[in-house]
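Undergrad: Given the coordinates of chain A, assemble chain B onto it according to the supplied hints.
Given next are the chains, with one letter for each unit.
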Amino acid sequence: MTTSARHAVPTPATSAPAGRAQGRTPVHPVTFPRLVAAEWVKIRSLRSTWWALALAFVLFPLLAAMRSASVATIADDAPPGFFVGPAYVTSGVTLALLVLCGLGVVAVTGEYRTGQIRSTLAAAPTRLPALWAKLTVVVGLAFATAFVGTLAGWAAAAPWFDEIGMGVDLTDAEHVRLMIGVPLYLAAMTALAYAIGAVIRSSAAGITAVLGLVFVVEPAFAYIPWEPLQQLAGYLPTAAGARLVTSDSIGSIVTGSGATALGPWEGYLVLLGWVAAALVTAAVLLRRRDA
Amino acid sequence: MIEAHGLTKRYGDKTVVDGMTFTVQPGKVTGFLGPNGAGKSTTMRMIVGLDRPTAGSVTVNGRPYAQHRAPLGEVGVLLEAKAVHGGRSARDHLLAQAATHGIGARRVDEVIDLTGLGPVARRRAGTFSLGMGQRLGIAAALLGDPQTLILDEPVNGLDPEGVLWVRTLLRRLAAEGRAVFLSSHLMSEMALTADHLVVIGRGRVVADAPVADVIALAGPPTVRVRTPDVRALAALLSREPGVELMSTGSDVLEVTGSTTAQVAAVAATAAIPLHELASVQVSLEEAYLQLTGGEVEYRSSTSGTAPTTTRPTAGAHR
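Taken in order, these protein sequences are the chains called A and B.
Residues in the first sequence are numbered consecutively from 1, following the working numbering.
Residues in the second sequence are numbered consecutively from 292, following the working numbering.
This is chain A alone, in the form it adopts within the complex (with noise of 0.2 Å):
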């Protein structure tokens, strides 16, 4: 009869085995999706990721409403069909990619300037995996970021349309092209960035190396008046890309090249091939130095 009460007594905490729960913990095997799982986690509990992407965000209906005001007020003299909607709509491409640039190469050089490598890796010790689970959320995250930017930008940009006469209209290829192409050209930039990143690994080279070539370098190649130099500063990686956010009518408004030898996608193409390169390049260091 005093069964239940001795089953009462509470057992010392000290007797419970210090590692386990009631049974075993349950462990699985490391796999792709439970890596961006995690990555996913990592990212969305720093404090910088949001108001990066905050600011980022903000600069596509900030600027689009900027440039729409003042080209309302010259719009009169203009011919109809001058102006270019989606070109107006999508001002903040160059500010959004300062800023996500900063993000792709800080989410990984973040990592080894407080030591998170360690235990990063740790968690996925053949490395690749790793890499390319916070690859895809960095990356995911610049893309969705831009793409509701650019329909921010969109809506902002709206209450001059007529005023201007302009306006943005789905069945007209180029302006799908320039509304779509923002978020492509800007996530892959962003995987630049991350890739530069992964390769320096330090937040203040990488950061200055990525802007460098962005905002230095390749204008640079650009300006240098000798011929096969600006062919080729229209094959570099901004340029190159920026191919897909230029209006034909318009020009670049990324870049000062102004070489067209790349049809839009094309360009395209070129930026993501310099992607894969820096992104093989990130893989190969990372499976060989040490951490």
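Take these hints with a grain of salt, some might be off.
[Claimed, not checked] Label-pair ranges, simulated between beta-carbon atoms:
#, chain 1, residue 1, chain 2, residue 2, range
1, B, 404, A, 220, 53 to 59 Å
2, B, 395, A, 47, 23 to 29 Å
3, B, 409, A, 26, 21 to 27 Å
4, B, 409, A, 171, 57 to 63 Å
5, B, 483, A, 33, 40 to 46 Å
6, B, 576, A, 281, 48 to 54 Å
7, A, 28, B, 303, 38 to 44 Å
8, A, 140, B, 409, 29 to 35 Å
9, B, 448, A, 231, 58 to 64 Å
10, A, 289, B, 360, 20 to 26 Å
11, B, 541, A, 290, 56 to 62 Å
[To be verified] Cβ-to-Cβ under 8 Å is the rule here; a few derived chain A residues that face chain B:
#, residue
12, 121
13, 124
14, 291
If you are wondering where the hints come from, they were derived from the structure by calculation, not from laboratory data.
Beta carbons are placed, not taken as given, at the ideal position from N, Cα and C, and that holds for glycine.
TA: Structure of chain B alone, referenced to chain A:
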């Protein structure tokens, strides 16, 4: 269980780890002891595949670490430097590590409770003290309930209560049949926590033996005897075979090659009064200094730790 065979790491022409061979057995706490720069951290990083060995190999639970499909379920690792992004909360860090192996949030909260991180679990790890960082590292190591644990200086930065907690935890983990591999430069802590020691110096294993054997390597226990009649006792003791005497004070003798019982018997027959009679065990610290004395990279010129006895060679006491 960890098995290292001829493990070697060179950086350029500098050899940091030089042909280390040792085994970390399950059910024991194996201490990894060596001066700073002896190669402890590098060895531990090679075990979990963070550094690639220049030569040799190391397996954990029978396989190279990277070949385990669920490595965190096999090996838990705490490395010396913080391995956490400071901008992330402790709980988010653990959730991310857990997600890689499909481990649920329930287990994350379990290790948070186990390591006493509850009150700070949602604070950013960058604001943590060294001690809290160590607890977070231990929590991460325990996530997958592993059979093998590798801990680099786990008590570094912990308060006395934390040190006691780590000691109790590691003893318990070993008692559950796990292999626990623990590096520390705190020899007193090793003496209390470890069953077995792998002592290294300049990247080489200089001893691989149970703690008691390592202490024995430094020489037999001596008997200290304090008496007002040193001269008479010394005369009698020196007749015993194998006994060596050293006078370390006007009324103190250090006797080697004898026991307290023998000294007491000799003194009693001659009616020599004894004020003190004690067996003096060489401490782990002294044993360690003797073993590594010649292997320390940068010794201060004032240190009086030069080995006086012949240094045992690696593996002699396996």
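Undergrad: Each hint needs a verdict: does it hold in this structure or not?
TA: How the hints compare with the structure:
no.: 1; hint: B/404 to A/220: 53 to 59 Å; result: holds (58 Å)
no.: 2; hint: B/395 to A/47: 23 to 29 Å; result: holds (25 Å)
no.: 3; hint: B/409 to A/26: 21 to 27 Å; result: holds (23 Å)
no.: 4; hint: B/409 to A/171: 57 to 63 Å; result: holds (59 Å)
no.: 5; hint: B/483 to A/33: 40 to 46 Å; result: holds (45 Å)
no.: 6; hint: B/576 to A/281: 48 to 54 Å; result: holds (50 Å)
no.: 7; hint: A/28 to B/303: 38 to 44 Å; result: holds (41 Å)
no.: 8; hint: A/140 to B/409: 29 to 35 Å; result: holds (34 Å)
no.: 9; hint: B/448 to A/231: 58 to 64 Å; result: holds (59 Å)
no.: 10; hint: A/289 to B/360: 20 to 26 Å; result: holds (24 Å)
no.: 11; hint: B/541 to A/290: 56 to 62 Å; result: holds (59 Å)
no.: 12; hint: 121; result: holds (6 Å)
no.: 13; hint: 124; result: holds (6 Å)
no.: 14; hint: 291; result: holds (5 Å)
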